[in-house]
Amino acid sequence: MTLASMQRKYEPRTLPQGKAATSAMIASLAAEGYETVSAPFGHALTKLGKANEKVVGLSADLAKYTDLHVFAKAMPDRFYQMGMAEQLMFSAAAGLAKEGFMPFATTYAVFASRRAYDFIAMAIAEENLSVKIACALPGLTTGYGPSHQATEDLAIFRGLPNMTIIDPCDACDVAGMVPAMAAHAGPVYARLLRGQVPKVLTRHKTDYRFELGKAQLIRDGKDVVIVSTGLMTMRALDAAQVLAGDRVSAAVLHVPTIKPLDVKTILAEAAKGRLVVTAENHSLNGGLGEAVAKELMLAGVHPPFRMIGLPDQFLEAGALPTLHDLYGISTHGVARQIKQWL
Amino acid sequence: MSAASRVGKLANLSLDMRAWNIRRHALRMGEVQGQGYIGQALGFADVLATLYFHATDYRPEDPEWEGRDRIYLSIGHYAIALYAALIEAGILPEEELGTYGMDDSRMPMSGMASYTPGMEITGGSLGQGLGIAVGAALGLKRKGNQAYVFNLMSDGELGEGSTWEAVMSAVQWKLDNLICIVDFNNQQADGPTRDALAKGAEGPKWEAFGWFAQEVDGNDLDALVYAFDAARRLNEPKPRVIICHTKMCKGVDFLEQREMNHFVRVEPDEWSKALKQLEEAKTP
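Line by line, the protein sequences are chains W and S.
Heads up: the first sequence begins at 611 in this note's numbering, then just goes up one per residue.
Heads up: the second sequence begins at 120 in this note's numbering, then just goes up one per residue.
Check each hint, because a few of them may be wrong.
Within a straight-line C-alpha distance of at most 30 Å, the following computed DSBU-like cross-link-like pairs (lysine-lysine) qualify [claimed, not checked]:
hint, chain 1, residue 1, chain 2, residue 2
1, S, LYS260, W, LYS674
2, W, LYS674, S, LYS293
3, S, LYS366, S, LYS401
4, W, LYS664, S, LYS262
5, S, LYS293, W, LYS664
6, S, LYS293, W, LYS660
7, S, LYS392, S, LYS366
8, S, LYS262, W, LYS683
9, W, LYS949, W, LYS874
10, W, LYS657, S, LYS262
11, S, LYS293, W, LYS683
12, W, LYS832, W, LYS882
13, S, LYS366, S, LYS318
14, W, LYS683, S, LYS357
15, W, LYS664, S, LYS260
16, W, LYS815, W, LYS904
17, W, LYS904, W, LYS869
18, W, LYS683, S, LYS260
These are computed hints drawn from the structure, not numbers from a lab.
Build out the structure end to end from the sequences listed, making use of the hints.
Written out as structure tokens, the structure reads:
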């Protein structure tokens, strides 16, 4: 329960006028002005499965909600419905990996990071097994409240040795990360955008391709560099356009791989005398911002530094646009904060 | 006398010796460190002897041979018992016995896959082995590999919810290549298992979930041989469990009589006394 909602628990409400409603839990993340791709994860995994017979898919009763159903339909004998049992699913994924298979295990990010953590840690990561974990509803991408909002998953998995962590921005990243996860020997945790997923990055940088472990400058600018990951790169790029209208020139460095971090590229961009702002769809504790801050300190690079992300709170329930505005991770929230800091 | 029990009787001569050797190896390791889960090792030695010298196929010189039966030690703290069995099976050299629990040893106090040949999984976080075994059994079937997966777990792990997730899944996937061994010594860290979560009727519980369940005296080699044979030979598409009721410290009288405890305290001078008693009790 959030503090704000607790304080107002016994306060009667009137019929709302013009208020937004919480959308379905699995609603696609709408993005104005971007074309979308349907189920990029499911299609990329199916393509991978056709090329690599060791690939199998596992679901804990959320295949439809992680786009794994596309794979399940295309190759039903390679799909394991493990039931609503996440601890079992990740243990079994470890067993399959030990026998030489490459399991892609999917669920929601909250269940992987909270409920099944010990199983991912000991059965998978400790033995450095090639289990690929892809999880929907990362950060604040549902209005259903803390039970489904994985606001601390990156912090949890950053603490886990051997684990590679990906936070994709768009359909291009999602499609590109799937073969990259397979090519990487060892466990990977990837946040997943599912359903109708916007195509963002190639519109801003036509030759963009996801590369595991690489941060990429999507646009350059002279006043501020936004170091962003996941869907916050979309916000950063849109905010950069808003800022341009106010004669603020913003660069955007997209960091889809959270661990290992592309320290060299981040340091190079941070050392150019601009304000550095990190932006993540995650708690300000233990995510990209703190990871970047640590590297800057260790390297002795000390630009003006600010962080955009979610507060150290259980978040409110509600309509996503309302919540993104409330917590400052909407396009205008990002632009507004950066202007204050310049 | 049934054919199975005749085979059992014949095998028992050597199994008895194997179990005795496993106890001796374990006591010698305990002596090195002056500690160890010796109660479990002594209690479980007959099950391990049956497992390694009757029920499973493996190649000591090639512990990762693809055709081997997989033996998963979910109970990581039983490592001392498994090392003793691996030494007896020729997978670990007896000469390394003295390194148990010491820096740079291949035999750490809790079992880990990365340290020890023949140690298939990193156990110790209890309640994980059976779920991993479900995945391995699925993988073996997918490869058309005829090997079995044996998951060795303790009665305390019956309290972990993840165990029952795996119990249900094994039935769902008709895992007739999965054999779970439960060491029921009725002792967990804070006291008797039956005073915690396992209130009895364990066999019927597994049966109700759809397993082929057997409950045996885990210190009776004849009964163990019969049960392992029955588990392997059952011609039904269901997973199999053998609940082995064992006696902690079995084989060393003065330890058996000690107030039962999850972690049996052995005084420094008692290790050699226990070894001596074991030697004297040996009837070749």
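Structure-based check of each hint:
This hinted pair checks out: LYS260 (chain S) and LYS674 (chain W) have alpha carbons roughly 26 Å apart, not beyond 30 Å. With a CA separation close to 25 Å, the supplied pair LYS674 (chain W) and LYS293 (chain S) stays within the 30 Å bound. Note on LYS366 (chain S) and LYS401 (chain S): the hinted pairing holds, with a Cα-Cα distance of about 18 Å set against a maximum of 30 Å. Proposed proximity of LYS664 (chain W) and LYS262 (chain S) is supported: the alpha carbons are some 10 Å apart, at most 30 Å.
The straight-line distance between the Cα atoms of LYS293 (chain S) and LYS664 (chain W) is roughly 21 Å, inside the 30 Å bound, and the hint therefore holds. A C-alpha spacing of about 27 Å is found between LYS293 (chain S) and LYS660 (chain W), which places the hinted pair at or below 30 Å, so the restraint holds. About 20 Å separates the Cα atoms of LYS392 (chain S) and LYS366 (chain S), which keeps this hinted pair within 30 Å; it holds. A hinted pair counts as satisfied when its Cα atoms are at most 30 Å apart, and LYS262 (chain S) with LYS683 (chain W) qualifies at roughly 22 Å.
Between LYS949 (chain W) and LYS874 (chain W) the alpha-carbon distance is near 27 Å, which keeps this suggested pair within the 30 Å criterion. Of the supplied pair hints, the one linking LYS657 (chain W) and LYS262 (chain S) holds, its CA atoms being roughly 22 Å apart against a limit of 30 Å. With a CA separation close to 22 Å, the supplied pair LYS293 (chain S) and LYS683 (chain W) stays within the 30 Å bound. Taken as a hint, the LYS832 (chain W) and LYS882 (chain W) pair is honoured in the structure, with Cα atoms around 9 Å apart against an allowance of 30 Å.
Using a Cα cut-off of 30 Å, the hinted pair LYS366 (chain S) and LYS318 (chain S) holds, with the two alpha carbons roughly 18 Å apart. About 27 Å separates the Cα atoms of LYS683 (chain W) and LYS357 (chain S), which keeps this hinted pair within 30 Å; it holds. For the suggested pair LYS664 (chain W) and LYS260 (chain S), the alpha carbons sit about 13 Å apart, so the restraint of at most 30 Å is met. Straight-line distance between C-alpha atoms of LYS815 (chain W) and LYS904 (chain W) comes to about 29 Å, which keeps the hinted pair within the 30 Å bound.
Between LYS904 (chain W) and LYS869 (chain W) the CA atoms are separated by roughly 13 Å; this keeps the pair inside 30 Å, and the hint holds. With a C-alpha separation of about 21 Å, the suggested pairing of LYS683 (chain W) with LYS260 (chain S) holds against the 30 Å cut-off.
Violated hints are absent here; each numbered hint is respected by the structure.
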